[in-house]
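Since the structure of chain A is provided, determine the placement of chain B on it from the hints.
Going down the list, the sequences are from chains A and B.
Take the first sequence: its position 299, counting from 1, is numbered 302 in the numbering used here, and each next residue is one higher.
Take the second sequence: its position 48, counting from 1, is numbered 51 in the numbering used here, and each next residue is one higher.
Treat the hints with care, as some may be off.
Intra- or inter-copy, both count: the list cannot distinguish identical chains.
In silico DSS-like pairs for lysine-lysine, Cα to Cα no more than 27 angstroms straight-line [unchecked claim]:
| no. | residue 1 | residue 2 |
| --- | --- | --- |
| 1 | K310 | K105 |
| 2 | K11 | K193 |
| 3 | K193 | K105 |
If you are wondering where the hints come from, they were derived from the structure by calculation, not from laboratory data.
Number of protein chains: 2
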Amino acid sequence: MQALNNLKVLDLSRYIAGPNCGMILGDMGADVIKVESPGRGEETRLLSPKIGEHGIYTLVYNRNKRAMTLNFRSPEGQALLRELIAEADIIIENFRPGTLEKMNCDWDTIREINERATLVRISGYGQTGPWSSKPCFDAIAQAGGGLMELTGEEGGEPLPAGTFIIDYVTSLYACIGVLSAIEARHTTSKGQLVDLAMLDCSISLLMTAIPEFALTGRELTRGGSRDRYSTPACNFECADDRWVHINAGSDALFPRFVRATGMAHLLEDDRYATNAERLERIPEVEGFVSEWTRATTSEKVIDTMTKAGVPCSRIDTIGEIFHNEQLRARGQFIKVQNPAYGELTLAGIPICLSETPGALRHAPPVVGQHTDEVLRDWLGCDEARIREYRETQAI
Amino acid sequence: MQALNNLKVLDLSRYIAGPNCGMILGDMGADVIKVESPGRGEETRLLSPKIGEHGIYTLVYNRNKRAMTLNFRSPEGQALLRELIAEADIIIENFRPGTLEKMNCDWDTIREINERATLVRISGYGQTGPWSSKPCFDAIAQAGGGLMELTGEEGGEPLPAGTFIIDYVTSLYACIGVLSAIEARHTTSKGQLVDLAMLDCSISLLMTAIPEFALTGRELTRGGSRDRYSTPACNFECADDRWVHINAGSDALFPRFVRATGMAHLLEDDRYATNAERLERIPEVEGFVSEWTRATTSEKVIDTMTKAGVPCSRIDTIGEIFHNEQLRARGQFIKVQNPAYGELTLAGIPICLSETPGALRHAPPVVGQHTDEVLRDWLGCDEARIREYRETQAI
Numbered sequence: 004m005q006a007l008n009n010l011k012v013l014d015l016s017r018y019i020a021g022p023n024c025g026m027i028l029g030d031m032g033a034d035v036i037k038v039e040s041p042g043r044g045e046e047t048r049l050l051s052p053k054i055g056e057h058g059i060y061t062l063v064y065n066r067n068k069r070a071m072t073l074n075f076r077s078p079e080g081q082a083l084l085r086e087l088i089a090e091a092d093i094i095i096e097n098f099r100p101g102t103l104e105k106m107n108c109d110w111d112t113i114r115e116i117n118e119r120a121t122l123v124r125i126s127g128y129g130q131t132g133p134w135s136s137k138p139c140f141d142a143i144a145q146a147g148g149g150l151m152e153l154t155g156e157e158g159g160e161p162l163p164a165g166t167f168i169i170d171y172v173t174s175l176y177a178c179i180g181v182l183s184a185i186e187a188r189h190t191t192s193k194g195q196l197v198d199l200a201m202l203d204c205s206i207s208l209l210m211t212a213i214p215e216f217a218l219t220g221r222e223l224t225r226g227g228s229r230d231r232y233s234t235p236a237c238n239f240e241c242a243d244d245r246w247v248h249i250n251a252g253s254d255a256l257f258p259r260f261v262r263a264t265g266m267a268h269l270l271e272d273d274r275y276a277t278n279a280e281r282l283e284r285i286p287e288v289e290g291f292v293s294e295w296t297r298a299t300t301s302e303k304v305i306d307t308m309t310k311a312g313v314p315c316s317r318i319d320t321i322g323e324i325f326h327n328e329q330l331r332a333r334g335q336f337i338k339v340q341n342p343a344y345g346e347l348t349l350a351g352i353p354i355c356l357s358e359t360p361g362a363l364r365h366a367p368p369v370v371g372q373h374t375d376e377v378l379r380d381w382l383g384c385d386e387a388r389i390r391e392y393r394e395t396q397a398i
Numbered sequence: 004m005q006a007l008n009n010l011k012v013l014d015l016s017r018y019i020a021g022p023n024c025g026m027i028l029g030d031m032g033a034d035v036i037k038v039e040s041p042g043r044g045e046e047t048r049l050l051s052p053k054i055g056e057h058g059i060y061t062l063v064y065n066r067n068k069r070a071m072t073l074n075f076r077s078p079e080g081q082a083l084l085r086e087l088i089a090e091a092d093i094i095i096e097n098f099r100p101g102t103l104e105k106m107n108c109d110w111d112t113i114r115e116i117n118e119r120a121t122l123v124r125i126s127g128y129g130q131t132g133p134w135s136s137k138p139c140f141d142a143i144a145q146a147g148g149g150l151m152e153l154t155g156e157e158g159g160e161p162l163p164a165g166t167f168i169i170d171y172v173t174s175l176y177a178c179i180g181v182l183s184a185i186e187a188r189h190t191t192s193k194g195q196l197v198d199l200a201m202l203d204c205s206i207s208l209l210m211t212a213i214p215e216f217a218l219t220g221r222e223l224t225r226g227g228s229r230d231r232y233s234t235p236a237c238n239f240e241c242a243d244d245r246w247v248h249i250n251a252g253s254d255a256l257f258p259r260f261v262r263a264t265g266m267a268h269l270l271e272d273d274r275y276a277t278n279a280e281r282l283e284r285i286p287e288v289e290g291f292v293s294e295w296t297r298a299t300t301s302e303k304v305i306d307t308m309t310k311a312g313v314p315c316s317r318i319d320t321i322g323e324i325f326h327n328e329q330l331r332a333r334g335q336f337i338k339v340q341n342p343a344y345g346e347l348t349l350a351g352i353p354i355c356l357s358e359t360p361g362a363l364r365h366a367p368p369v370v371g372q373h374t375d376e377v378l379r380d381w382l383g384c385d386e387a388r389i390r391e392y393r394e395t396q397a398i
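Pulled out of the complex, with its shape left as it was, chain A reads as follows (with noise of 0.2 angstroms):
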């Protein structure tokens, strides 16, 4: 068994914060269909790099779905659509706020067909509101929502986290909505409408900064590598060329760390001996720290910070995480099989149940897959009637 078993899922949505939303309901157990238009399905499976012919982008955030086609803009198409949320526990989509009223299928129509039924709607700014129609990335949201402000050298430019983090952070909340709404329904038999938007979720990741503006005026901006509550703790460069992290500033871990280091005279010194002094001289404090690392190599630093207990870890590449000891112990890459493209290794469940575990069902799909499946599945169809969704092109 898995704890999502009985939840059955329609996941219209395309690139990152709607697949990867379904993905890990799939992950727990979800019956999660990915609908898709007929031919080349979602755009994004022709972007580059590629296994076979299929764009690895789209296989990574559908795992653990099947894939039927349906043809959103056909009177026939979306009939079928309307069939399909009868059945479903969830719809998700992250199409522009509108679009999904224009396939009549706005959250009224869904509630008169299936009372049951939660729609998950996401999108870069929200279903209301004087922006709520503006178009939006990842990027975009990081830029608009104080990631980038926040990320990047002291005094340098603006960059951004270098992954779709706000895709993600959307989609971890969408999942969080999703499953509230499931817990409620217990008590009201009812689905109901959740509203994510890329900006909201990106201010929530602010830390202190938004209650200090409102009090202080005070601006949080970028700092590079540097901890904003203690010292030492930043990036060193070691004698190998390679860089590390170490977070030694909290008065519990600076004594470790240069006890380990032969530098605990400065533990006698009153400029350098708590954390609310050295703050006060951040660079001579880093300066003892880069003159050690700088004539150590990487594997010691990290070798005598771990036996020191002070947290530390190399800034590492790919290929060096895909070779990680501790990611391996875990069960974190699993590979997945498909004739259509072969193997793919993917990162793995990082939610660990003990009693009801993720696992993989379904390697990621390629364009209409299950078609056939899902009709019988859900819908109960016999080939004639197969036969004739396909003749009205309505799959």
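Relative to the frame of chain A, chain B by itself:
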């Protein structure tokens, strides 16, 4: 009614990843009790910046909780903890692996006391594997988990995302784990252990990096603000020295961009007409765009792009975000009041549910603010018993 009103949560956690998980459950309606050591409470309460004597850092992650004190180290405190666990649906902890065991409160003990309870354990590297006892902070997980490798200028030094993003992401996965376990409990009547590792969560954010490396050996690395899949799509500087992010890279968006900026002739030019061609000539393409932005104010750039339907945002400062009309219209700033520290403005609740919306029920509490109230509510204690707990220094 709120979605999670039926859930009682005992939050033993510190810093961000644990507390933020408890807070989100509280935002959605759970009865969340923040348990801290008597006296100064969670050590982060002393961090600057402060409102009065109260560190804002801790307040930010603890709204919608009630706070009680409990002496984790004394037999009386540990006995009280077990009484509370008997009443809880969910227990959240992010001590170093092994600490809960020392408190005579390991998973086997918890199951024995309350077989319906779910224990969420959040740590740097997880409860299993060779690295399980290593200390970790957010930046350490960003370094070891790939995010630093992917963030920064092309060819420049690695940088972290400028917020505690892995703490946040881990807290969101923890919420999904909790709610999955609660959904499973409707079938099994039993709780379970949920094991979250920051490192596992980190590598779930790496886009196509892992499958690409496994297939081809190619290691994704940092590339500034540039989109990986299309061009033009990156940060551009404007005439007023402000930065904007424009994404006009796709073959749907590029024509809108060039028409809006008087460069429609590029559509006739084979070298730039398709994204595939443009990706071969990124410097030239970005050159055209930045020539235009450098001659145009950021306000005019945003206005032109918005009218053309091209995704675009200024890189807003925290102050600008605080005044953002869309966030204001969506109620994404909330004011909290506590006699101890006055008024504080926080980011709102990004999960918008139509029927059982989240709400602010408790301002972030100060240490032990609700100890007596919780002992009465959860355990039905009378004044004499509360006095006894206080005399034995259990609370």
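Open item on the list: Of all the hints numbered above, which does this structure not satisfy? Sort the numbers upward.
Closed with: When the structure is compared with the hints, none of them turns out to be violated.
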